[in-house]
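Starting from the structure of chain C, add chain S where the hints point.
Heads up: the sequence lines are chains C and S, in that order.
Numbering-wise, the first sequence is residues 2 to 324 according to my numbering.
Numbering-wise, the second sequence is residues 2 to 78 according to my numbering.
FYI, nobody ran anything at the bench for these hints, they're computed from the structure.
No false leads were slipped in.
Straight-line distance between alpha carbons at most 25 angstroms, and here's what the computed DSS-like set of lysine-lysine pairs gives: (1) Lys147(C) x Lys44(S); (2) Lys44(S) x Lys295(C); (3) Lys108(C) x Lys50(S); (4) Lys204(C) x Lys108(C); (5) Lys5(C) x Lys97(C).
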Amino acid sequence: MAVKVISPGLSTSVQDLGRPGYYHLGIPEGGGMDRFATRIANLLVGNEPGAALLEATFMGPELEFTEAATVAVTGGELPPKVNGEERPTWESFPVKAGDRLSFGYLKGGARAYIAISGGIDVPVVLGSRTTYVLGALGGFEGRVLKAGDELPIGTGTGTSGKSLPANLRRPQISPAELRMLPGLYWHRITEAAGKRFFEDTWKVAPEADRIGYRFRGGAPLEFVEREQPFGAGSDPSNIVDACYPYGSIQVPSGTEPIVLHRDAVSGGGYMMLGVVISADMDLIAQLQPHTPAKFAPVTLDQALAARADNAKLMARAEEYLAG
Amino acid sequence: MAQILSPLPGTFYRSPSPGQPAYKNDGDSVAVGDVIGLIEVMKSFHEVKSEVAGSNVRFTADNEEPVMAGAPLADLD
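Only chain C is shown next, with the shape it has when bound in the complex (with noise of 0.2 angstroms):
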């Protein structure tokens, strides 16, 4: 069994629920930039949760199916179509040998998660299958998918018809609201710039991708004057290099903030805001180029709280799957 690829789309790799345990050696855990649609679409076609998908930014690619299967699209609202018929979103379909499989645009949201019955069957690197580009690691070939490639699908037990309701999915509120825990180097900014931080509405940069997202159109930062220290950059939006952890937000230059996602780098010389919670991480991922989101200051108890209600949401669904 096997899927073909006729067009690739704009970025489309394989992914799945990352590749833990090696960021202090500069490899990211990386997977599905939204965990809860990775989750529930592989789900849907009867996969275990952390089965490799793919994951299509943007815009959907277009592929030919060898043998049938099921197949489901969770994430972005990117409209399946079966030999130009369109199929739901979030509900597991059928697919016939020869089938292809297309997408209209974009409807909403950013990224979609292609789940097929048996899961992608890529070698494991490192405990994962997932695509790391910038290092050329695991996925297919280690990249994002090319026209002509031939992607290895596992044997599946899938059944089509497979849906999770609107009401179990995470709502897409706009502006975005993405809770941060503020950090160690917030002392670096001035009370005002702190506080204009919060207020001003951001938009998300074209630049952003599985990285970071960079965002731009708040107020620069001011920052507390100081000596730099021995082994900082002379711009005061630079530290001695430190770790950068998942979700982290750095200002280069105290103009653009980029929170670091999936495939972060795992350590540099820009002061961080604080993180973006781990319950928002998903959110980050559905945002398209140019939309308002604005970040709020949370404590560390409400953003376990979130990180609670986001694994209730989590476990509410996957029981509905089950049931």
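Relative to chain C, chain S alone:
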């Protein structure tokens, strides 16, 4: 009347690079597959090829305008 829609979200450009003439000017004819502009997204540029044919093209999106996926870029007769 036919419309040309943006296949991608990003920034729309009317010409191949700054200072170059536009791919198409208002009033031109457009054939299927003609490039009518560029979309910049994720640090790369993507040609927008028309999926429809028509005459008397009228651009509804400006040069350097931010667009969403599926946004109308131009009308055709």
